[in-house]
Amino acid sequence: LPLNVDGALAALLVDLEFPSELGNAFFIVARVTGLAAHAHEEMNRQRPMRRIHPTDHRYDGPAPRELE
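Under the working numbering, the first residue of the sequence shown is numbered 1, with each subsequent residue one higher.
Wrong hints could be hidden among the right ones.
Computed beta-carbon distance windows for the label pairs [as the list claims (entries may be wrong)]:
#, residue 1, residue 2, range
1, L13, A36, 20 to 28 Å
2, T33, R65, 22 to 30 Å
3, L16, P64, 38 to 46 Å
4, A25, D56, 39 to 47 Å
5, P64, A39, 21 to 29 Å
6, P64, F18, 41 to 49 Å
7, R51, L16, 43 to 51 Å
These are calculated hints, taken from the structure and not from any lab test. For each residue, glycine too, the CB sits at the ideal point set by N, CA and C.
With the hints as constraints, model all of the structure from the sequences given.
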């Protein structure tokens with residue numbers, strides 16, 4: 001079973017004897033950096049609240065790949 005970052009963080013918090021009630025706070029803090037990066041990208045690359053026509057866009061992510 002592969003362990004993701006949330007599982008590793010949970011194991012660390014349990015080992016450090018943090019109360020389980022604080023777990024969600026740590027998970028949220030870990031996600032805020034990604035949210036901030038998306039907001040920064042959106043504010044600097046695009047006009048706010050834009051309407052995107054289905055054919056009027058350009059994908060700039062990884063190239064399509066075959067799934068096994």
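Hints, one by one, checked against the model:
The given range of 20 to 28 Å is respected by L13 and A36, whose C-beta atoms sit roughly 22 Å from each other. In this structure the hint that T33 and R65 lie 22 to 30 Å apart at CB holds, the actual value being about 27 Å. Distance hint check: the CB atoms of L16 and P64 are about 42 Å apart, consistent with the given range 38 to 46 Å. Taken as a hint, the range 39 to 47 Å holds for the pair A25 and D56, whose Cβ atoms sit roughly 41 Å apart.
With their beta carbons about 27 Å apart, P64 and A39 fall inside the hinted range of 21 to 29 Å. The hint said 41 to 49 Å for the Cβ distance between P64 and F18, and at roughly 42 Å that hint holds. As the Cβ distance of R51 to L16 is approximately 48 Å, the hint placing it in 43 to 51 Å holds.
Consistency note: the structure conflicts with none of the earlier hints.
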